[in-house]
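Residue numbers (our numbering), protein chains in the order written: chain G, 140 to 462; chain B, 140 to 462; chain R, 140 to 462; chain Z, 140 to 462; chain V, 140 to 462; chain Y, 140 to 462.
It is possible that some hints are incorrect.
Residues from chain G shown here face chain B by an in silico Cβ test under 10 angstroms; the list is partial [what the hints assert, rightly or not]:
| hint | residue |
| --- | --- |
| 1 | 298 |
| 2 | 299 |
| 3 | 308 |
| 4 | 331 |
| 5 | 353 |
| 6 | 357 |
| 7 | 359 |
| 8 | 362 |
| 9 | 392 |
| 10 | 399 |
| 11 | 431 |
Treat the hints as calculated values from the structure; they're not laboratory data.
This structure is a prediction, so every number in the text was calculated from the model and none was measured.
Glycine included, every Cβ here is placed at the ideal spot set by N, Cα and C.
Number of protein chains: 6
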Amino acid sequence: MTNEKFQPIAGNVSPRFAGMPTFMRLPHVQIEETDEVDIGIIGVPWDGGTTNRPGPRHGPRQLRDLSTMIRTMHPVSRIDPFQLTNVADLGDSPINPVDVQDALKRITGFYDQVLSRDVLPMTAGGDHLVSLPVLRSLAKKHGAMGMIHFDAHTDLFDSYFDGFKYTHGTPFRRAIEEGCLDPKKVVQIGIRGTMYGTDDVDFAEEVGVRIIRIEELMDRGVEDVMNEARKIVGDSKTYISFDIDGIDPSQAPGTGTPEIGGFTSFQAQQMVRLLQGLNLVGADLVEVSPPFDSSGNTAWVGASMIFELLCVLADAVHSRKGK
Amino acid sequence: MTNEKFQPIAGNVSPRFAGMPTFMRLPHVQIEETDEVDIGIIGVPWDGGTTNRPGPRHGPRQLRDLSTMIRTMHPVSRIDPFQLTNVADLGDSPINPVDVQDALKRITGFYDQVLSRDVLPMTAGGDHLVSLPVLRSLAKKHGAMGMIHFDAHTDLFDSYFDGFKYTHGTPFRRAIEEGCLDPKKVVQIGIRGTMYGTDDVDFAEEVGVRIIRIEELMDRGVEDVMNEARKIVGDSKTYISFDIDGIDPSQAPGTGTPEIGGFTSFQAQQMVRLLQGLNLVGADLVEVSPPFDSSGNTAWVGASMIFELLCVLADAVHSRKGK
Amino acid sequence: MTNEKFQPIAGNVSPRFAGMPTFMRLPHVQIEETDEVDIGIIGVPWDGGTTNRPGPRHGPRQLRDLSTMIRTMHPVSRIDPFQLTNVADLGDSPINPVDVQDALKRITGFYDQVLSRDVLPMTAGGDHLVSLPVLRSLAKKHGAMGMIHFDAHTDLFDSYFDGFKYTHGTPFRRAIEEGCLDPKKVVQIGIRGTMYGTDDVDFAEEVGVRIIRIEELMDRGVEDVMNEARKIVGDSKTYISFDIDGIDPSQAPGTGTPEIGGFTSFQAQQMVRLLQGLNLVGADLVEVSPPFDSSGNTAWVGASMIFELLCVLADAVHSRKGK
Amino acid sequence: MTNEKFQPIAGNVSPRFAGMPTFMRLPHVQIEETDEVDIGIIGVPWDGGTTNRPGPRHGPRQLRDLSTMIRTMHPVSRIDPFQLTNVADLGDSPINPVDVQDALKRITGFYDQVLSRDVLPMTAGGDHLVSLPVLRSLAKKHGAMGMIHFDAHTDLFDSYFDGFKYTHGTPFRRAIEEGCLDPKKVVQIGIRGTMYGTDDVDFAEEVGVRIIRIEELMDRGVEDVMNEARKIVGDSKTYISFDIDGIDPSQAPGTGTPEIGGFTSFQAQQMVRLLQGLNLVGADLVEVSPPFDSSGNTAWVGASMIFELLCVLADAVHSRKGK
Amino acid sequence: MTNEKFQPIAGNVSPRFAGMPTFMRLPHVQIEETDEVDIGIIGVPWDGGTTNRPGPRHGPRQLRDLSTMIRTMHPVSRIDPFQLTNVADLGDSPINPVDVQDALKRITGFYDQVLSRDVLPMTAGGDHLVSLPVLRSLAKKHGAMGMIHFDAHTDLFDSYFDGFKYTHGTPFRRAIEEGCLDPKKVVQIGIRGTMYGTDDVDFAEEVGVRIIRIEELMDRGVEDVMNEARKIVGDSKTYISFDIDGIDPSQAPGTGTPEIGGFTSFQAQQMVRLLQGLNLVGADLVEVSPPFDSSGNTAWVGASMIFELLCVLADAVHSRKGK
Amino acid sequence: MTNEKFQPIAGNVSPRFAGMPTFMRLPHVQIEETDEVDIGIIGVPWDGGTTNRPGPRHGPRQLRDLSTMIRTMHPVSRIDPFQLTNVADLGDSPINPVDVQDALKRITGFYDQVLSRDVLPMTAGGDHLVSLPVLRSLAKKHGAMGMIHFDAHTDLFDSYFDGFKYTHGTPFRRAIEEGCLDPKKVVQIGIRGTMYGTDDVDFAEEVGVRIIRIEELMDRGVEDVMNEARKIVGDSKTYISFDIDGIDPSQAPGTGTPEIGGFTSFQAQQMVRLLQGLNLVGADLVEVSPPFDSSGNTAWVGASMIFELLCVLADAVHSRKGK
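The shape of chain G in the complex, shown without the other chains (with noise of 0.2 angstroms):
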């Protein structure tokens, strides 16, 4: 049942340094030509909503570059998402660094292609911001989903600098107001850092989303945590967002806004492995950011927590067609 087509070019055929750094080795296909595909993966480079360090705009390109160590299989699930479906590269969708709005309309122009293709968007990002437009789309064909979401912030502020609402700080509000998510349906898993008020979380707690902070998470282990994400998303339209940032900043030090004290990458890999099942509907990894960490380690770490998400689309994908 293997498409030929659509499968990543092997290590021990050719190392993984040779060749076009595409996400996983796979094709790049334009997106005029998704006829056979059932997940993209998707670059977003551009941080035009990032309020401090810069540098997730090249994000897209140090993740492929990455993303070549990645290999087929899941060591423990053994899903092999390039068995289930058909994976693509779709490039990058077109972005503006100059302008946010103009930025927001293109991302969201492209992925409206995307959907109406019905091709599953897996983003790589970007900043934070960047989940705005993709939900926006999304939500055009889904409805307001639910949301699992791993983060050191909530994203849930109001606005900046006296008055300026988009930036990688509120997506998440702005997606609550718009209707794209459904706020009882929204987790937020790996909360803390210091804060400036309570605006985030009042508003959180207003409008019901369920906020997880580091502390809950280490004292109720990863399971425990996960089984109570599942149920408030159950069985409905479910996107994830992970924010690299989640991860703690030894392991991910290449992110904007680090915060100490996170969970680790082996805890982030066994959350992701638990949502296994869910009625996944897209995903996205955002604030890698290169120039924060030139060796590459942390988009190793996001590359691999894209496969790890890859492979809990694939089979959702897999089990929906198969319905």
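Start from chain G and add chains B, R, Z, V and Y according to the hints.
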């Protein structure tokens, strides 16, 4: 009750990368103008006691730089130290990079001034020998104090290089000998690393210093260990000394004498939070060595721990005021 | 005649790594308290016009850090700018990282204040779009100015990304169109790098901007070229804009758009020294991008060039005062 | 009983950064002069089997450099390997960077000499293919051995690039095929990472190699797992092979094939300590790749683990001598 | 006359950090689909001949990444190679990291295909041994060629490590022996560095290779030297081999065998520009070693020099077509 | 005439990354066993005189590491210092990182031994204060010497920090005052950088030290300047002191007090080559600070310059022997 003069600049008003990098974006106040100041954050840019890899002389500057990413409220205790007390950046103590004894005198001289103005000192080193002149000043005011000491090393050695008694491996032996510390009220947490002999631990046992090695900490857990630590110091006047090398070198590589297998920054946060309620008279964070981590990741851990320390110090100052 | 209030702290009194990193270790003076200030060094931590690799928003802080290694007297001209004039660090201009037009307004607003208080601005960027709002303020006071511009690029492009007119590749086209610069009195030195077309150089030719490419500079030598440059601006009010990417990337790698084959920092020093005697009204040094050179080597070149610029600015201010 | 000739130089006599960087600051002894030597630390600066990112050829030098920060006594077991046995740095094995088969021969040739002089080898690689020629030499003396193997990968693959059988992914398949290892006495700990298929694990199952994946290790804990490992090797002659990539890449980034979600260096220390009492005949530590971590942090972890290994090796040698 | 299919994506339409990093943002064309292609840029990700510090296997990928900052028109000659000819990225040649002879065969095999399709090859290495299999292919078509060779080393050595004849220090000795190069039409420019003996220069003298040491280049100047070089090759079919280590290591540190005191990148540009008009049949740029410069600065110099080479190659192809 | 005992290991026999990193891969000889040694390369791992950024204490080790890439014969003079003389690595001088006066004594003590055994010292620092104790030893033997001094700074200051007379900015003032140097036979080349005043240059003028600033060097050229330098020292016993910061910081960034606009490493090579024939009695290369350049690029420049110095020293020793 907030004193507007002593409020940090908020990052959602002026981004964190903007403006002068004082500690926590606080006002820089000259020692002569500290009438309203309760807590002074003080840099001691000196590493004259370093026997191995140098660099902590650059610590205060990099810590100030990274500290501008700290916000104002603690996410768990909800303490805002800048509401409870007036905190200011007092700049750097005078030092001397080419003469140890002269430097020790200059530092004690500066802290004598600080204490005479009733300012509680939160020190950013510098190497660990910095603690000695600070303790000398504090002991003039408070007598022999208790100490909770986080570190990979005991720093209880007698001398180096054939009789040299003032290095970053000897400060607490000197402080005990000089009566600045009451050894029966001293507890050291996180100790590990290979040894040249048992000189230091024999001394500890002899005078009653309690050493909690890393294996014991990992085995008993943070809470149990901190209960014991709190009992050891009781309600005595207590100093906290936090050597960044107590934390695992993957999280804090920028230090001169790393030892693998340390506690995590998450554990460090939990431990310091459990110091709330003690009768604290000062604290230091030392051994951040920027030349060994130009990324600033170590200094970010350091700045984050300074904020944790600041919260328990502010709570202590506020409580005493309240009485 | 020395004003003690405006003297840098000497490195043989307090080492250069000690104390608050203001520009040149000068006092930090609020804009409201600049009565005695002749020259203000101002940071503009903003890179909202950057179309390629970001980071100059972090420039002012790293430049301040490295500038603490600068001493007080020029080794060749023996000018001590701090004796000739009162120089102060005025801190950073307000900016906005998520909206270009708002940022331009905030910057011009700040410079309007600076100029209304008769302070000559020495600006540390920020990307090159920073020059535009500064020139707008200066032009209100001085009319269309001459400019000596060191750069690898002309920054005379019309627009990017299908009609966006405010980027770091367009400031001087805008400034000429808006009448801030007299194009016949503008000379650009060091231009090089591959091209997408001749849009910029055609515009230059059309309006009379003189471009001295790197090959011409290398061929004729620094002195001959600077004689021509001095003639071009004559005794007009003249601005100096120094893009760090004019210097070869081996000496200044920390910048967003490097072009190989540049002039050396030695040549840069000689060129700026030959600007002494012009009727200077301001200067900037831009495009230092710390995330692309965390070593600080680029910022050290930048800080050294700011000192060179400061010497010729101070001489100009002093001369005008003397008249 | 101490042999003064084989004592490391102490860091409180001559600082650690001083002097020739031999392993552990031990004397460098030529192979011909090893009459009194019990344990030889040997570098194998070779990475000819590397199929991905190169660099371990530089491992021995950086490991020697960092090893000068190691002291002499183990902090928990209180073993001083330099008191129990005579340890020396035997320098580097001959190798050949441009021919795999020639290199394998040169290495085995050198180890044949080492073993003929009754020196137990502690090897610092080099990539993991280095283990094969070492095992070939050891097997001539000891027959098929047991092995405790710490790694992210099984290194049990058959071949690469269409039939090439000697790479750093195949050494233990070759060693088992050649009768150097008894597969029923081989245990692999820490295995993880994506897969191209099940070739390696199928082979393991077939021949009886026990694989303890990272999830099992994290779940059961270090002590339980090591009890099983000890049982597997029993009192057979046993080799320890420690691939630095077994440790999480946040702690050991300087390696060619990192896999996220590894065990910590604290766990690594506890695991090696639990090998005391086994019938050990040699050990190696491989895959430290300095070009991918010029900071030396990875080599510091490596050098620290070499010391842990040295302690259990010295104890084994000492015990056998005592009998 | 422009072929729209072979145009790079412009950076003022889509920013340079966006999209798949092919060479110069050109289309990636499979070898089978090169009917319209005049010049193919080909990566050879292999460093199997490296006797010292490894890493050039990673060269093609980092060169591709940085090459996305190159634009389309040469600023001095105004040549736009993408207007004159159809240029494409042909991806990477097959290689083998663990066997030198097999790798040489695979590379020659690939170039045989390229040449059979009448594509002129512009190669991005890889180490300098890469030139040998390329020259072997070219010589089948063109016979013994002339060569202009920029380098710090002659690469004319006979063998290493007791008889191994295929390393990155021997390619041109082999190529001359095998009749791929006509030694009387070979000139080497920039040679320097300490020596083990005169084996290579004696051979050069014997067979008639002209060596222009760095001192001679600096003394006579670029133009005079290049006049001589042009005379040496005359109108013969000529290959250009550019080893990045010819350039001073301050500008190109990411290479395995740096030698201080090299020519500048400015001089390199001028020298290559003076090759316009020769009868060029191919070129390579080798020895960029990303692990020794993760900043990408060296690769930026390399990508810039590839563009310079591309311009003179395109001009040659265009001229021959015109005849 | 070659003494086989004192030959470096050749890189085409054993690769440069293999084996113990002694200087130039020479034998490490204890001071007591130097009977046949003509020239000793000695490390002084000490930076106790550093008033600014520390680190040269790590210089000898990194210089040794990089020096293993040096071969044996000079490419221009064809001098092979290991044929002309017996050269050995004498290891490191004893030092003391925590006490300046004690360190000065230990160093002079070691050099007294070296000189008593008729070994000419080639010193690798360490900071520039290292030159003082070396000159004290040499002066006991040779009286007041001439000196050719390459540096960005005069190091002729009187004192720092209110009366401290022994820093890396004062060695030559002390050496002149103590009669170790004859100031009329001292020439300083490359001087530049901002000043706090004219204390040092006034002293130079007063006592007759000739300062050749960088502008004069660039203007007159290397040959003319070196002719003058040779005349100044004549046939006096002459010491060479080479501060790495004389070279431009783009080529030698790893140093504590960089000054932009320096001479190139190519010029440095030419200048040292022109010292052949002088009556040389010793040399040093100082201020390489590894923590500020972990890449080793600066140390590579340093090691290359040590080889240049070694060639002229060996020639001098050989000439004197010949007489």
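Quiz item: Is the hint on residue 362 of chain G kept, meaning its closest Cβ partner in chain B is under 10 angstroms away?
Solution: Given a least distance of 19 angstroms, the restraint on residue 362 of chain G is violated.
Exercise. Let me know if the C-beta of residue 331 of chain G comes in closer than 10 angstroms to any C-beta of chain B, holds or violated.
Key: With a minimum Cβ separation of about 6 angstroms from chain B (threshold 10 angstroms), the hint on residue 331 of chain G holds.
Practice problem: Classify the hint on residue 399 of chain G as holds or violated, based on whether any CB of chain B lies nearer than 10 angstroms to its CB. | Solution: holds (4 angstroms)
Quiz item: Against chain B, with CB atoms and a cut of 10 angstroms, does the hint on residue 359 of chain G hold up?
Solution: violated (15 angstroms)
Exercise. Closer than 10 angstroms between Cβ atoms is the bar; does residue 299 of chain G clear it against chain B? Give me holds or violated.
Key: With a closest approach of 5 angstroms, the residue 299 of chain G hint holds.
Practice problem: Answer holds if the nearest beta-carbon of chain B is closer than 10 angstroms to that of residue 308 of chain G; otherwise answer violated. | Solution: holds (8 angstroms)
Quiz prompt | Per-residue hint verdict: residue 353 of chain G, partner chain B, C-beta under 10 angstroms | solution = Check passed: Cβ of residue 353 of chain G comes within 7 angstroms of chain B, closer than 10 angstroms.
Quiz item: Would the hint on residue 357 of chain G stand, with a C-beta cut-off of 10 angstroms toward chain B?
Solution: holds (7 angstroms)
Quiz item: If you take the shortest Cβ to Cβ gap from residue 298 of chain G to chain B, is it below 10 angstroms?
Solution: This hint holds: residue 298 of chain G lies near chain B, its Cβ roughly 8 angstroms from the closest one there, short of 10 angstroms.
Quiz prompt | Interface hint outcome for residue 392 of chain G [beta carbon to chain B under 10 angstroms] | solution = holds (5 angstroms)
Quiz item: Are residue 431 of chain G and chain B close enough, Cβ to Cβ, to be under 10 angstroms, as the hint says?
Solution: holds (7 angstroms)
Of the hints listed earlier, those the structure fails to meet are numbers 7 and 8, in rising order.
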